[in-house]
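Colleague: The task is simple: from the sequences and hints, build the whole structure.
As numbered in my numbering, residues 21 to 318 make up the sequence shown, in order.
Among the clues, some could well be false.
Calculated lysine-lysine pairs in the BS3-like style (CA-CA distance at most 25 Å, straight line) [stated by the list, open to error]:
hint: 1; residue 1: Lys183; residue 2: Lys206
hint: 2; residue 1: Lys148; residue 2: Lys179
hint: 3; residue 1: Lys179; residue 2: Lys206
hint: 4; residue 1: Lys183; residue 2: Lys196
hint: 5; residue 1: Lys179; residue 2: Lys288
hint: 6; residue 1: Lys191; residue 2: Lys148
hint: 7; residue 1: Lys104; residue 2: Lys79
hint: 8; residue 1: Lys288; residue 2: Lys269
hint: 9; residue 1: Lys287; residue 2: Lys269
hint: 10; residue 1: Lys206; residue 2: Lys79
hint: 11; residue 1: Lys206; residue 2: Lys288
hint: 12; residue 1: Lys183; residue 2: Lys148
hint: 13; residue 1: Lys288; residue 2: Lys183
hint: 14; residue 1: Lys206; residue 2: Lys104
hint: 15; residue 1: Lys140; residue 2: Lys79
hint: 16; residue 1: Lys179; residue 2: Lys191
hint: 17; residue 1: Lys287; residue 2: Lys267
hint: 18; residue 1: Lys104; residue 2: Lys140
hint: 19; residue 1: Lys183; residue 2: Lys287
hint: 20; residue 1: Lys287; residue 2: Lys206
hint: 21; residue 1: Lys287; residue 2: Lys179
hint: 22; residue 1: Lys79; residue 2: Lys179
hint: 23; residue 1: Lys82; residue 2: Lys179
hint: 24; residue 1: Lys267; residue 2: Lys288
hint: 25; residue 1: Lys89; residue 2: Lys79
hint: 26; residue 1: Lys196; residue 2: Lys148
The set of hints was computed from the structure by calculation and includes no laboratory data.
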Amino acid sequence: MALISLSSFSPSPATASVPSSSCPLLLRRIFAAPFRIRAASSSASASTPRVVVTRERGKNGKLVNALAKHGVTCLELPLIQHTKGPDLDRLPTVLSADTAFNWIVITSPEAGSVFLEAWKSAGTPNVKLAVVGSGTASIFEQVMRSSKQSLNVAFMPSKATGKILALELPKDSNTKCTVLYPASAKASHEIEESLANRGFEVTRLNTYTTAPVHDVDRMVLEQALSAPVVAVASPSAVRAWVNLIPKSKEWSNSVACIGETTASAAKKLGLTNVYYPTSPGLEGWVDKILEALSTNVH
21 MALISLSSFS
31 PSPATASVPS
41 SSCPLLLRRI
51 FAAPFRIRAA
61 SSSASASTPR
71 VVVTRERGKN
81 GKLVNALAKH
91 GVTCLELPLI
101 QHTKGPDLDR
111 LPTVLSADTA
121 FNWIVITSPE
131 AGSVFLEAWK
141 SAGTPNVKLA
151 VVGSGTASIF
161 EQVMRSSKQS
171 LNVAFMPSKA
181 TGKILALELP
191 KDSNTKCTVL
201 YPASAKASHE
211 IEESLANRGF
221 EVTRLNTYTT
231 APVHDVDRMV
241 LEQALSAPVV
251 AVASPSAVRA
261 WVNLIPKSKE
271 WSNSVACIGE
281 TTASAAKKLG
291 LTNVYYPTSP
301 GLEGWVDKIL
311 EALSTNVH
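Modeller: Put into structure tokens, the structure is as follows:
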């Protein structure tokens, strides 16, 4: 199976420099410089891509490898990039405080990656995590295997959505229960509002945000537009894709979403051929991509 990889090069001159902060090393670890996308490499030109994979640069490997087992050729077109959120600098300090939170709620792999670096900067304090699903939990696997065991993934909801996590998160009814919720600045307030309605005391920190990738090469975009299926993993990616579609083009190919939240965003933006698994995760996502491809063939 061929992955048509898109090369990146030096950041745009218009990119603003990151302001100095109490944890500059943390920022360098987490957030890569913005990049432009240019033409696909000629080494894969013999294969016509059938699926466009759109996660941030360097994070499409698992999906590409899973699709490779089914002989599916992919075009890598990162649609979004993650950048520093307004509360990132506060996170290590909050984690270092004497008063620990009863729960730390993590609802995406990116939120998990950002949290993990801040947790290390804070000196690896004892924390108890509630994660939205197995994909997010996998971010912490290596740390969980360590001997110190100061990080504990202690809860996962029956269905991998933020809404169900907020409904099912265990709470001791006789004592105050505190929650730290490090999240994307663009995430809705549904989770903290639902937890607050159940009596939790929630502290939300907007530790990262997303921005669309700019300057997509016209030839690369034409390849992506002709592919039968575009695979997206967040509402931000869906919005970025819709904004790339030329107004003069009636695009009606399929969108395969990682879960219900992303699929809802796709439908609200007017996309019609939307596929998504009942339970978010790589296996279900791959199944829906294959279903979309099969429908396109027939």
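Colleague: Run every hint past the structure and note whether it holds.
Modeller: Structure-based check of each hint:
no. : hint             : result
1   : Lys183 to Lys206 : holds (16 Å)
2   : Lys148 to Lys179 : holds (20 Å)
3   : Lys179 to Lys206 : holds (22 Å)
4   : Lys183 to Lys196 : holds (21 Å)
5   : Lys179 to Lys288 : holds (23 Å)
6   : Lys191 to Lys148 : holds (13 Å)
7   : Lys104 to Lys79  : holds (18 Å)
8   : Lys288 to Lys269 : holds (19 Å)
9   : Lys287 to Lys269 : holds (18 Å)
10  : Lys206 to Lys79  : holds (20 Å)
11  : Lys206 to Lys288 : holds (17 Å)
12  : Lys183 to Lys148 : holds (19 Å)
13  : Lys288 to Lys183 : holds (19 Å)
14  : Lys206 to Lys104 : holds (12 Å)
15  : Lys140 to Lys79  : holds (22 Å)
16  : Lys179 to Lys191 : holds (18 Å)
17  : Lys287 to Lys267 : holds (18 Å)
18  : Lys104 to Lys140 : holds (17 Å)
19  : Lys183 to Lys287 : holds (19 Å)
20  : Lys287 to Lys206 : holds (18 Å)
21  : Lys287 to Lys179 : holds (21 Å)
22  : Lys79 to Lys179  : holds (23 Å)
23  : Lys82 to Lys179  : holds (22 Å)
24  : Lys267 to Lys288 : holds (17 Å)
25  : Lys89 to Lys79   : holds (18 Å)
26  : Lys196 to Lys148 : holds (16 Å)
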